[in-house]
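S.K.: Start from chain A and add chain B according to the hints.
Note that the protein sequences, when read in sequence, are chains A and B. Read in order, the letters of the first sequence are residues 868 to 1105 in the numbering used here. Read in order, the letters of the second sequence are residues 293 to 841 in the numbering used here.
It should be emphasised that the hints constitute simulated quantities derived from the structure, not laboratory data. Since we're looking at a predicted model, the values are computed, not measured. Cβ atoms here follow ideal geometry from the backbone N, Cα and C, with glycine treated the same way. There could be a bad hint or two in this list.
Which chain A residues face chain B? A few, computed with CB under 8 Å, are given here [to be verified]:
id, residue
1, Leu992
2, Arg993
3, Gly1040
Here is what each chain is made of, one letter per residue.
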Amino acid sequence: MSVKTLEIDGKMVTGMAGETIFSVAWEHGIHIPRLCHIGGISDVGACRLCMVEVEGQRKLQAACLTQIEEGMVVRTDTPRLKAHRKLIVELLMAERNHICAVCVANGACELQELARSMGIDHVRLRYRFPVFPVDTSNERFGMDHNRCVLCTRCVRVCDEVEGAHTWDVFGRGAGSRIISDLGEPWGASESCTGCGKCVQVCPTGALFDKGKTVAEMRKDRGFLKYIVTAREKKQWIG
Amino acid sequence: MTVEDLLEKQTEETERQAALENRILCCTAAGCVSCGADGIRGAIAGEIKAQGREGKVEVCGTGCMGLCSQGPLVLSAADRKLYGNVTAADAAALVSPNPIDRQALAPREIDLGAPFFIKQTKIVLANSGRVDPERLDDYIAAGGYQALAKALNEMTPKETVEAVRKSGLRGRGGAGYPTGLKWELVAKQAAPVKYVVCNADEGDPGAFMDRSVLEGDPHRVLEGMAIAGYAVGAQQGYIYVRGEYGLAIQRLQTAIKQAEREHLLGSRILEQGFQFRIDLRIGAGAFVCGEETALIASIEGKRGQPRQRPPYPPESGLWGAPTLINNVETFANIPAIVEKGAEWFSAIGTANSKGTKVFALAGKIVNTGLIEVPMGATLREILFEIGGGIPSGKFKAAQTGGPSGGCIPEQFLDVPVDYESLARIGSIMGSGGLIVMDETSCMVDVARFFMEFCMEESCGKCIPCRTGTVQMYDILRRMTTGEADEDDLAMLKGLSELLRETSLCGLGQTAPNPVVSTLKYFAGEYEAHIRDHRCPAGHCGLEAKEATR
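Same shape as in the complex, but just chain A (with noise of 0.2 Å):
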């Protein structure tokens, strides 16, 4: 494999063809942010957070999905991105029930590490205030619907590394919702092997531990890593 090298944010750096410009950036320090990426599992593109600009390249280019390129200049925190991704937060926030002060996520949660450091403090958008279920069926796990941001990070790591394709999605829009199987409650879930991966993934407190009470949930997120490598080294096999 070809060694590329390529200028991020001012500075020369170098990744392996077939990278993306999110991996490569993120070796280097350069943290852009993100919600439905997570190491380990597939990229689907979905949170646009990740949105970078390449010198050339008249549209804005998602860096999770964009692998790297011999010359590549690219911009990854100018004011339009920035300005971007400040509103995609927004959208977020306005879109279901976030109210950190009541959940079990509280102090651990994607979401809102990221409106804290790009200095949200109130919402320009109005609340729309869904009402959305709140599936505790499952003996060990919770699913709060009011807390989902669809990154569907928990049905990539199902399908993708514990293979039991348990989750889905369901409806479509604003209307979209996770499902566990055909729609049925999760404890009623036939295909969930209840390992917990989905919950540790979750970016928020939509997937929790049941039994936890707010700002409790701590989510442990490394373990993906550990697995994805243990698998690819065949650390397992013998």
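M.R.: For chain B alone, kept in the frame of chain A given last:
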């Protein structure tokens, strides 16, 4: 069927038709069917029997003859007379050999010399009003499948691609990507399996071009696809047609069966080495499935939502194989290009937009219906000569390109209708929907309507489109009820930019277009709604009740 058989069949059928005293063609496209065309056809058939005219007079169906506002339409082929608003009571006179009886039809006669007819140039719709879409022989008599025969016998796949490239044909789905270039990209891929896909998921509000082509001349699309299959090296084609188009689906199924039986599709086409199968895939009512990557996902049996491009379908499409996706109207142009040559085609139209474009005229216009005009015709010609003008009052705007397009105000009536010119004035060619508005239309409400459409059709995958359209719709709705202020207007502009620049697919990227173009040309109307809580068109008061439900 061999090529000789094809020519023989053509002569045979042409002679049979010429021997008839008259052929009565009833429009059997959806518009006329919905106002009773089937009953009229039945009545004419009954009269033929009653008057003992079997074998002399024949009644058959045909594709959309364009003037939908005066349907049901019936064409008398022998004397080339078109009748509108026909009722079952007219059947006897239509069938009668007696010229005096036929005079009773005079009030129903439509002047075929009117600008509506003579200003049009028909390539895609050439067979509408000539051919029965349910009879293969009719299509063959009109020269059908001879372009496929020519490609197979006289041209290499490379020459076929070259002919399409030279013709200057561009994608009729709206974006206008050069068709020949797309074919070349697929043809160059060294893959054992390739696919040809016809996008018939026409979903723009007010658009019915592809529907009319499929209903009126399904074999033309099949022939175009088979030629494409030969040119790019594919053996399998899919037509992704929306489930709402029941009649189109039925006609396609009939046409595929007929063509396969005669070896014009399937294996050993025209008794030669080439094979090409076409199957239908029926959409389940999602507008976004007209986006090519979502369409591919849907055919694969997955959730119909778009994915990031590149890779583009010519590189990695259906099941990862190189895939050629063209729109119905694009494929319908192919047989004519192959048969008559690239030079003939490229002589029609403008420097960068060749050929013709089919438009569905709707809204505040006298002649609502389906038209086909050369590229470069001005809006003024289309609306005031062919369209017959605005029935009551004054022209205000024309909306092209559906929810992805823009509103064109009066000052641009003389702009030629081609891809570049429309883009310059903030609209797009789109698939061919053309909605005309007069002074009673409120432009804020028009923007609200299209935003509501996008909001309901957003797949929900990416955040800007999923929730941005909800917020934009909410602001526009509040404008029409007098609840919005200056901050809302600023936010509307900000969201427009966000959606355009960050949405994942074309649906979200172009969703702000109706808002942006109305803001540009009708800014005063927005201000009147916000500052004075007043609607200059006097339209919103009514909408307010409905919108606050």
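S.K.: Decide, hint by hint, whether the structure agrees.
M.R.: Hint-by-hint comparison with the structure:
1. Leu992: holds (5 Å)
2. Arg993: Because about 6 Å separates Arg993 of chain A from the closest Cβ in chain B, which is inside the 8 Å limit, the hint holds.
3. Gly1040: OK, holds: Gly1040 of chain A within 8 Å of chain B, min 4 Å.
Figure legend: structure checked against the earlier numbered hints; every hint is met.
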